[in-house]
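S.K.: For chain S, the structure is supplied; the task is to place chain Z on it using the hints.
As they're listed, the protein sequences go chains S and Z. Here the numbering used here = 1-based position in the first sequence + 382. Here the numbering used here = 1-based position in the second sequence + 1237.
Please keep in mind that the hints were generated in silico from the structure rather than gathered at the bench.
If you anchor each label on the Cβ, the simulated ranges turn out as follows:
#1 S:Glu638 to Z:Asn1428: 25 to 35 angstroms
#2 Z:Asn1428 to S:Gln704: 58 to 68 angstroms
#3 Z:Asp1425 to S:Thr384: 22 to 32 angstroms
#4 Z:Pro1295 to S:Gly708: 29 to 39 angstroms
#5 Z:Asp1425 to S:Gly628: 35 to 45 angstroms
#6 S:Arg629 to Z:Ile1427: 21 to 31 angstroms
Ideal Cβ positions, reconstructed from N, Cα and C, are used throughout, including at glycine.
Listed here are the chains, written in short residue letters.
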Amino acid sequence: MTPKTLFDKIWDAHVVNHITDGPDQLYIDRHYCHEVTSPQAFAGLKQRGLKVFRPERTFCSPDHNIPTHDQDKTIADPVSRHAVDTLKSNASDNCLTYYGLGHDLNGIIHVIGPEQGLTLPGYTIVCGDSHTSTHGAVGAVAFGIGTSEVEMVLATQCILQPKPKTMRITVNGKLRQGISAKDVALYIIAQLGTDGCTGYFVEYAGEAIRSLSMEGRMTLCNMSIEMGARGGMVGPDQTTVEYLRGRLHSPATGEEFDKAATRWLALATDPDAKFDREVAFDTANIGVRVTYGTNPGMGIDIDELIPEPTNESEEKALEYMQFTPGQPIKGTPVDYVFLGSCTNGRIEDFREFARVVDGHKRSERITAWLVPGSRSVMKQIVEEGIDKILQKAGFELRQPGCSACLAMNDDKIPAGKLCVSTSNRNFEGRQGPDSRTILASPATAAHVAITGHL
Amino acid sequence: MPKHKFNIVTSTCVPLPYDNIDTDRIIPARFLKSTTREGFGENLFRDWRYDSDGNLRPDCPLNDPRYSGCILVAGKNFGCGSSREHAAWAIADYGFRVVISTFFADIHRNNELNSFVLPVVVSEEFINDLFDSIDRNPATKVSVDLPKQTVTNLETGQSETFEINSYKKQCLIEGLDDIEYLLSHREDIINYENGNKF
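For reference, chain S alone in the conformation it holds in the complex (with noise of 0.2 angstroms):
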């Protein structure tokens, strides 16, 4: 048999039938929901007198138009609440599972799917949210998908998808120091550019990717549709194992779950695939990496200089982030500081944080917002006793939801402020209009949360 990569072995597993000179119908095994892409795609099925195929597979939860304080009443921007009442009654009249707000199990749909344990090692998930990739870190194969495929999948649990390439991403080495999963991705963009990876699905590979935890995992998968691949995942190991011990919906611990292990540790890119693109980095060149510019691969480590624009776009990034070439990013005074999101959502991410600002104060100058992925993870964070440590440091959490991340909510970063941010995305205006934001790891984030500047 012709070796075959990981991906390709749960793709073609998936495949119901090719369209000759066109897309593959691939069958999906989980569904996410929010409240944004969806409110479409149920009214198109309802307009087709269909109700959703095959509910037991899709699972909702509002998180982008929620507020992140005082969940306990109604939603006060009648928009976002009817967004959210819509998901709800669309969720209730095809019986799918619904995270309400307050739920315990409400949170940010690519938080809350891996720690259920409904995002399972060689499945195949979509979500209408570009950062589905996320899940790829169990070794799954997911990816965004827009919302007339989402309405596809409500309707036949299929999509109509043309097959991407595929390309492995090595890191050799082991982490310097102090470097997280997020100054990998930082720095992997940076290098490969925001359209580097377009048209291709990633398996990240080697010692570096090995040594990180699942939570470091997804938040490196999560980052993959900022270069512009399909999506990226990571091939099960123990680490994927012990991760869904015990999870929610993962098999029942015991003989079911050690035969799904095995099964799951047998899905692996065999030693001689061929990828259609190999690139390989080196741990010793990475750093602690933030960006300068409006999109994610307009990063620097944070001892250089802010380059010279290369490009009119350049240009313009920089004029709107208000830098000058050759002035050094470190030290740059900081307004805003923002832990959370897909990407840092996590608990490692709090706990890192904290580990952090533990006997320190919070730098005056800066507004911190603290805004864990889910509910969930904001019970660890008070069980761990994590919410004291910020307390005492001068910080207050908030409740679970995307927030600042694209401030669809009220968490929006005032014009012309400066936000150091643990999310995705610093295009312009994301954090709010003429918001001007810094992407960085947690850690990074929570020195600027003390010191008041990079």
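M.R.: Frame of chain S, contents of chain Z only:
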């Protein structure tokens, strides 16, 4: 979404000669709260077209009276970022039927096709020639012939072919969507499920 039947589109163009135009720029997140597909054109490139007081920004090509038409010409990596199909709906609702670029982000490209907007990938040489033509003469027309898969700059006569798989091409010509295909293959789905090992 109105299912336009595609054939030949000939029109003047609106040029956006910038790379990496992301979907947050095409339609900012705060306008995604609507639960219908209509009306997004009003907020297409909202923060580029309008300043914070709601005045038109003169530097935005969409506000430039010299430019009009149903073909948008953009720099490479158009539609990168978020998967929001609202971006494609906004483009369609504003009145564009074709977007020409050297390179589209994957999800956005699918979203345009599913929203009956045709993404046309051209060479670097073609797009530079086209930007030059529009610069010299804003009334420059382009003709996109889907059945023949050709795109022609009518000002200079430069022409090239573009890629589209024959399945999707037929869908656009006949005004059909993917769900119709999938619904007609339900039996295959059930057969697949009976053998699905995941």
